[in-house]
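J.: Each chain is listed here by its residues.
There are 2 protein chains.
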Amino acid sequence: MRAATIRDREIVIEEHPDPTPGSGEVLVRVHAAGLNGADMMQRRGLYPAPPGSPQDIPGMELAGEVAAVGEGAERFQVGDRVMGIVGGGAQAELVTAHERVLMGVPDGLDWAPAGGLPEVFTTAHDALFTQAGLRPGERLLVHGGAGGVGTAAIQLGRASGARVTATVHREELREQVAALGAEAIPAEGFAAHGPFDVILELVGAPNLSENLQALDTGGRIVVIGVGAGAKAEINLLALMGKRARIHGSTLRARPLEEKALAARHLEREVLPLFVSGDLRVPVAEAFALEEAAAAYERFAAGGKLGKIVITV
Amino acid sequence: MRAATIRDREIVIEEHPDPTPGSGEVLVRVHAAGLNGADMMQRRGLYPAPPGSPQDIPGMELAGEVAAVGEGAERFQVGDRVMGIVGGGAQAELVTAHERVLMGVPDGLDWAPAGGLPEVFTTAHDALFTQAGLRPGERLLVHGGAGGVGTAAIQLGRASGARVTATVHREELREQVAALGAEAIPAEGFAAHGPFDVILELVGAPNLSENLQALDTGGRIVVIGVGAGAKAEINLLALMGKRARIHGSTLRARPLEEKALAARHLEREVLPLFVSGDLRVPVAEAFALEEAAAAYERFAAGGKLGKIVITV
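Note that the protein sequences, when read in sequence, are chains Y and A. Converting from the first sequence to my numbering requires adding 9 to each position, the first position being numbered 1. Converting from the second sequence to my numbering requires adding 9 to each position, the first position being numbered 1.
What the hints contain is simulated information worked out from the structure, not anything from laboratory work. From the three backbone atoms N, C-alpha and C, an ideal C-beta is built for every residue, glycine too. Just so you know, not all the hints are guaranteed correct.
[Unchecked claim] Heads up, simulated EDC-like pairs for lysine to aspartate or glutamate below, C-alpha to C-alpha not over 20 angstroms straight-line:
| id | chain 1 | residue 1 | chain 2 | residue 2 |
| --- | --- | --- | --- | --- |
| 1 | Y | K240 | A | E242 |
| 2 | Y | K313 | Y | E300 |
| 3 | A | K240 | A | E267 |
| 4 | A | K251 | A | E300 |
| 5 | A | K313 | A | D225 |
| 6 | A | K240 | A | D225 |
| 7 | Y | K251 | A | E294 |
| 8 | A | K240 | Y | E219 |
| 9 | Y | K313 | Y | E219 |
| 10 | A | K313 | A | E219 |
| 11 | A | K251 | A | D225 |
| 12 | A | K251 | Y | E219 |
| 13 | Y | K251 | Y | D287 |
| 14 | Y | K313 | Y | D225 |
| 15 | Y | K240 | A | E184 |
| 16 | A | K313 | A | E108 |
| 17 | Y | K251 | A | D225 |
| 18 | Y | K251 | A | E192 |
| 19 | Y | K313 | Y | E180 |
| 20 | Y | K251 | Y | E276 |
| 21 | A | K240 | Y | E267 |
| 22 | Y | K313 | Y | E184 |
| 23 | A | K251 | Y | E267 |
| 24 | A | K313 | A | E300 |
| 25 | A | K251 | A | E102 |
| 26 | A | K251 | Y | E192 |
| 27 | Y | K251 | Y | E267 |
| 28 | Y | K240 | Y | E219 |
[Unchecked claim] Coverage of chain Y stretches by chain A, computed from C-beta distances (three or more under 8 angstroms per stretch; other residues unrestricted):
| id | segment |
| --- | --- |
| 29 | 40–53 |
| 30 | 92–101 |
| 31 | 114–127 |
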């Protein structure tokens, strides 16, 4: 099979042996695979794939058709439309995944949005509800509102009855972000728009101090990205005074059972909202597998709304 | 009435008008009132009492007899033995408290331990169970294990089936702390004794980095004291990698309903363990009200096991 491959911090297309599904696994013929910040870091050698995943083929999410089922796998049949997150290897013609991390693709959802759905909606849903315990009527601040996770978090917050504000660095994207259901504001001086009950942090250390300032009593900060820096000063007395908490989270390193549980949450609580039309996956641009290097350049350039997806 | 009074950062005994119970309140003739770190800070002008509490009479916890009941108060009758936390004013002959923050004193519990029970056991119970969600079999690290909150947290952790380790700065106190049910270790190099699932932090900023290092995946740090400093550097990438969370908490600033709820938790989940003998309040030393200044000096000197209490 052909696959996007990391060679000397560049993305090239190479031939690899076809993977074979192990016990409980499914072989998926990939139709679309989204790009994520973690792929960018992996390309630069900063974020190796977890053990058991291909080390040189990036891609943590995909949608496609079941091509074969391994021993003991019984959730899907050959030809079923599936999507899900994997530890790596999704930006390829074929990939294996444990059947319990896969979900059926909702009727009416095209391949490109389906391939860009799992990682960002699982990440946002887990952060907002499983971790921060976001409740209807609460005020949510989403940092990086134009990105993949940001656009997912805004829609999920809005659909749950939260009041959503989102920082958007590029002024030209604010109108599109607002159309997703958020008050779109500049990143500079965001605390003036608070206080907030929950803050989803995708930027990192530079925001931490102002996040704490912008938080209401009992508020929660969930840190799921540190692209702009990891080390920050924290005032623990302010944290105490606000009776606040700070969560750190990442999906990729979690064991199979936690990823499977997150997939069940998504099936039950989120996927029906794609069928009803309440949620959508904004796809900024789709690239063919042969153009994978260009897809990475597009992601790195920023200034997009939503997902960059590779279609196969 | 006579009361310990803050004058120019010193504790003196002065006459004050007798307080009168408002609607839903109870007037308590104080028999014992514990000292806490917050009293020390208040004496130095660093931690003013919340609005509605006496500003110049310290004391956040007490045990005593009901002397009168205000309009609409129906939980207690004159003569009942009660204890509880208040916003301030407890180190006095009389104090008023809302009836819903008061609890009955368990049979067989003397005044001195009862007067030193509410603040530290409420603080420790709230931090360990309501916030950190400590579960049976988990590994708990208590910093400052010889102090009031520390001795409460060790016993509560042990009674819940957790495996408890406690840092104790003074070597001569380690045996007594171990007798409460913890492995007592020096504060230096505590991370080598980990990993831990829950860390109760009473010391503050200097421990934060090593706390994060000592935490297991999915671990929780609860910061309830910053006596040794409030500002620390935090590595958010490490927080993400461990999928950890950091809680800040303080009891004093909470609204009545939250304090009342915490009292109900204590009545149901903790006070029966005093009757059964599983829990006790280690009282390091008791001072008469007239000796309140000496009690503060004793507290500030450190090196005690458990509570300093003023008896009236």
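J.: For every hint, state whether the structure bears it out.
T.: Here is what the structure says about each hint:
For the suggested pair Y:K240 and A:E242, the alpha carbons sit about 7 angstroms apart, so the restraint of at most 20 angstroms is met. Taking the CA atoms of Y:K313 and Y:E300, the gap is about 18 angstroms. The hint holds against a cut of 20 angstroms. Of the pairs offered as hints, the one joining A:K240 and A:E267 is violated, with about 27 angstroms between alpha carbons and a cut-off of 20 angstroms exceeded. At roughly 49 angstroms between alpha-carbon atoms, A:K251 and A:E300 are farther apart than 20 angstroms, so this suggested pair is violated.
Between A:K313 and A:D225 the CA atoms are separated by roughly 31 angstroms; this puts the pair beyond 20 angstroms, and the hint is violated. Restraint check for A:K240 and A:D225: not satisfied, since their Cα atoms lie roughly 23 angstroms apart, outside the 20 angstroms limit. Annotation: proposed proximity of Y:K251 to A:E294 is violated, straight-line Cα distance about 33 angstroms (limit 20 angstroms). With a C-alpha separation of about 14 angstroms, the suggested pairing of A:K240 with Y:E219 holds against the 20 angstroms cut-off.
Simply put, Y:K313 and Y:E219 have alpha-carbon atoms about 25 angstroms apart, too far for the 20 angstroms limit, and the pair is violated. Between A:K313 and A:E219 the CA atoms are separated by roughly 25 angstroms; this puts the pair beyond 20 angstroms, and the hint is violated. With a CA separation close to 7 angstroms, the supplied pair A:K251 and A:D225 stays within the 20 angstroms bound. Restraint check for A:K251 and Y:E219: the C-alpha separation of about 24 angstroms exceeds 20 angstroms, so the hint is violated.
Of the pairs offered as hints, the one joining Y:K251 and Y:D287 is violated, with about 34 angstroms between alpha carbons and a cut-off of 20 angstroms exceeded. For the suggested pair Y:K313 and Y:D225, the alpha carbons sit about 31 angstroms apart, so the restraint of at most 20 angstroms is broken. Distance restraint check for Y:K240 and A:E184: the Cα-Cα separation of roughly 38 angstroms exceeds the 20 angstroms cut-off, and the hinted pair is therefore not satisfied. The hinted pair formed by A:K313 and A:E108 fails the criterion: a straight-line CA distance of about 32 angstroms is larger than 20 angstroms.
Proximity of Y:K251 to A:D225 is assessed by CA-CA distance (about 26 angstroms); at most 20 angstroms being required, the pair is judged violated. In summary, the hint linking Y:K251 to A:E192 is not supported, as the alpha carbons are separated by about 32 angstroms, beyond the 20 angstroms threshold. At most 20 angstroms may separate the alpha-carbon atoms for a hinted pair to count; Y:K313 and Y:E180 meet this at roughly 12 angstroms. In summary, the hint linking Y:K251 to Y:E276 is not supported, as the alpha carbons are separated by about 35 angstroms, beyond the 20 angstroms threshold.
Of the supplied pair hints, the one linking A:K240 and Y:E267 is violated, its CA atoms being roughly 34 angstroms apart against a limit of 20 angstroms. With a C-alpha separation of about 13 angstroms, the suggested pairing of Y:K313 with Y:E184 holds against the 20 angstroms cut-off. A C-alpha spacing of about 14 angstroms is found between A:K251 and Y:E267, which places the hinted pair at or below 20 angstroms, so the restraint holds. For the proposed pair A:K313 and A:E300, the alpha carbon gap of about 18 angstroms is at most 20 angstroms, so the pair holds.
Under the criterion of a C-alpha separation no larger than 20 angstroms, the hint pairing A:K251 with A:E102 is inconsistent with the structure, at around 50 angstroms. Proximity of A:K251 to Y:E192 is assessed by CA-CA distance (about 32 angstroms); at most 20 angstroms being required, the pair is judged violated. With a C-alpha separation of about 30 angstroms, the suggested pair Y:K251 and Y:E267 falls outside the 20 angstroms cut-off, and the hint is violated. Of the supplied pair hints, the one linking Y:K240 and Y:E219 holds, its CA atoms being roughly 14 angstroms apart against a limit of 20 angstroms.
Counting residues of the segment 40–53 of chain Y whose CB lies closer than 8 angstroms to any CB of chain A gives 0, which falls below the minimum of 3, so the coverage claim is violated. With 0 residues bearing a CB less than 8 angstroms from a CB of chain A, the segment 92–101 of chain Y misses the requirement of three and the coverage assertion fails. Only when three residues or more bring their CB closer than 8 angstroms to a CB of chain A does the claim for the segment 114–127 of chain Y stand; here the count is 0, and the claim is violated.
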